[in-house]
Amino acid sequence: MAEILDRLYYGFFYLPTGIYALIVSVLVALCSALLGVTLVLRRFSFIGDGLSHVAFGAMAVAAVVGLTNQMLIAMPVTIVCAILLLKTGGKAKIKGDAAVAMISVGALAIGYLLMNLFPSSASGSISADVCTTLFGSFALVTLTSVEVWLCVVLSVLAVTVFIVFYNKIFAITFDENFAVATGTKAKVYNLITAVLIAVVIVLAMRLVGSLLISALIIFPAISAMRVFKTFKSVTICSAILSVSCTAFGVLLSVVLDTPVGPTIVGVDLIVFFVFWLVGTLKGVKLK
Amino acid sequence: MALIVSKNLSVGYDGVPIVSDINFSVERGDYLAIVGENGAGKTTVMKTVLGLNRAISGEIVFGDGLKKNEIGYLPQQTAVQKDFPASVFEVVISGCLSKTGLRPFYNKAEKRLADEMMEELGIADLKKRPYRELSGGQQQRVLLSRALLSTREILLLDEPVAGLDPLVTAEMYGIIENLNKKGTAIIMITHDLSSALKYANKILYIGSETFFGTKEEFKVSPVGRRFMITGEKENG
Ligand SMILES: Nc1ncnc2c1ncn2[C@@H]1O[C@H](COP(=O)(O)OP(=O)(O)O)[C@@H](O)[C@H]1O
Ligand SMILES: [Mg+2]
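Line order of the protein sequences matches chains C and Y. So the mapping is simple: the working numbering equals the position in the first sequence, first residue as 1, plus 7. So the mapping is simple: the working numbering equals the position in the second sequence, first residue as 1, plus 73.
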């Protein structure tokens, strides 16, 4: 026990980077969980997956160009793709699905290609670079205070937008046609949603890596839906689950000395099984 | 002046028309039934009236002080709603959304309106229940409450009794008839011709040829006669 505490202290809380990483993780988890609820309910979760690959490609381009703050390229590119994808996804046709698959695989391939053609001098190893971008960094991410502030500001903005438009988001998620017919500007809110998704994905990229972002968006929402049955309770539960699983996952990764991203996703997975079990047992009891 | 007039309307998707030359008008107090075979384009016409689909040609004119977003709409149930986590109250009060404008939350008056509406439609005791666990008839009442919260002027219903058992169907028709008597204009899609003829005063038939007129005119028109015979065959 003392050894675990030691590890947590010297490997984590003792360093400002540790605290930074925890703050950023929790904020990113909160945003992705809030968005996850509408994405999952609108059958749009695949868009999150597609976008994370786009963000990967954009990061690779940024690295090749030699930008120190890669978010500067990744953010606008991902936002534009999010808007395009949500537009085609709204029609819910096979064409939309294929478009997402095309863009995401294309971005993944080009990103990897670029990393090979123009290896960055920093780490010296392509496979390590790729691994980091796909699965998150092995050790705790070291964030500059600028990045932390950017993250804080964007997260606060995302959460505020979500709260202010909560009722509109509910109406559009539940029944877009009705909302539009009675005068809600669904297109504007879809645009806002798209921008928020893109922002969250780019933020989450540093934390869990691009392949695991979908997990952060999907797991809390589907876990909450196993047990809770109103939109408000699902949203709140999903936010709490996401924040606590992520915080726990970050600390666990320090103690076990495992990569952060997969550890968080592992915790999410376990929680999902617990909630699934509770939901199933509740259902049996009712019958 | 009519609430809604459709002039030479042509509807379809991606620029390809499904039905053309639709002319009809709905006045205050009217009960218009839209009938026709499955896939004829009834839902498409309704969506065009609601502004969810762009008309290919022709136009829809709103009159008599009716504003574009002052329309109550009861859509055909979609697959998404079947497992959607939402309480009855959450669904009903979303009918007030057009009233909130830029205000983020519902105010007391709107919450009270929602309560009164649920009382009126006999679902007050379901307020906190999950929507997805209700019976089909209860779900339709919830959606009807939501529609009525956005307006009492005109109500558009897309197959409101599809999938309901006969008893609940009769109840639903009763509720709609009552609303109509209290002054709400009704446009209802149905493929149940006998109830269309029983409750509506105007009929819009959509098919290879279209017809619009009063119920009496429809009964003696060639289109009406043909449709009534095939309708009887279908119902055995
Ligand atoms: N989103 C869509 N895109 C293209 N065609 C559609 C779409 N929705 C319906 N259709 C087609 O339009 C025709 C009319 O459909 P619909 O208006 O739903 O008929 P009804 O309500 O009378 O049964 C059908 O042939 C259907 O296949
Ligand atoms: Mg239809």
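It should be emphasised that the hints constitute simulated quantities derived from the structure, not laboratory data. Think of the CB as a built atom: it goes at the ideal place given N, C-alpha and C, for glycine as much as any other residue. Hints are supplied without guarantee of correctness; some may be wrong.
Said to hold, decoys possible - Here are the computed lysine to any residue pairs in the SDA-like style, where the Cα-Cα straight-line distance is at most 25 Å: (1) Y:Lys155 with C:Val87; (2) Y:Lys140 with Y:Arg101; (3) Y:Lys184 with C:Ser240; (4) C:Lys192 with C:Phe279; (5) Y:Lys200 with C:Val87.
As the list claims (entries may be wrong) - Derived coverage of chain Y by chain C (criterion: at least 3 residues anywhere in the stretch with Cβ under 8 Å from a Cβ of chain C; other residues may be distant): (6) 88-100; (7) 119-128; (8) 132-144; (9) 163-174; (10) 202-209.
Results for each hint:
1. This hinted pair does not check out: Lys155 of chain Y and Val87 of chain C have alpha carbons roughly 32 Å apart, beyond 25 Å.
2. Our distance criterion of 25 Å between C-alpha atoms is met by Lys140 of chain Y and Arg101 of chain Y, whose separation comes to about 14 Å.
3. Annotation: proposed proximity of Lys184 of chain Y to Ser240 of chain C holds, straight-line Cα distance about 19 Å (limit 25 Å).
4. About 35 Å separates the Cα atoms of Lys192 of chain C and Phe279 of chain C, which puts this hinted pair outside 25 Å; it is violated.
5. For the suggested pair Lys200 of chain Y and Val87 of chain C, the alpha carbons sit about 41 Å apart, so the restraint of at most 25 Å is broken.
6. Counting residues of the region 88-100 of chain Y whose beta carbon lies closer than 8 Å to any beta carbon of chain C gives 0, which falls short of the minimum of three for the stated coverage.
7. Chain C is given as covering the region 119-128 of chain Y, and this holds because 4 residues of the stretch bring a CB closer than 8 Å to a CB of that chain, at least three being needed.
8. Using a Cβ-Cβ cut-off of 8 Å, 3 residues of the region 132-144 of chain Y lie near chain C, which meets the minimum of three, so the contact claim holds.
9. For a cut-off of 8 Å, the count of residues in the region 163-174 of chain Y with a CB near a CB of chain C stands at 7, and the three-residue condition holds.
10. Coverage of the region 202-209 of chain Y by chain C holds. Counting CB-CB distances below 8 Å, 3 residues qualify, and the rule asks for three or more.
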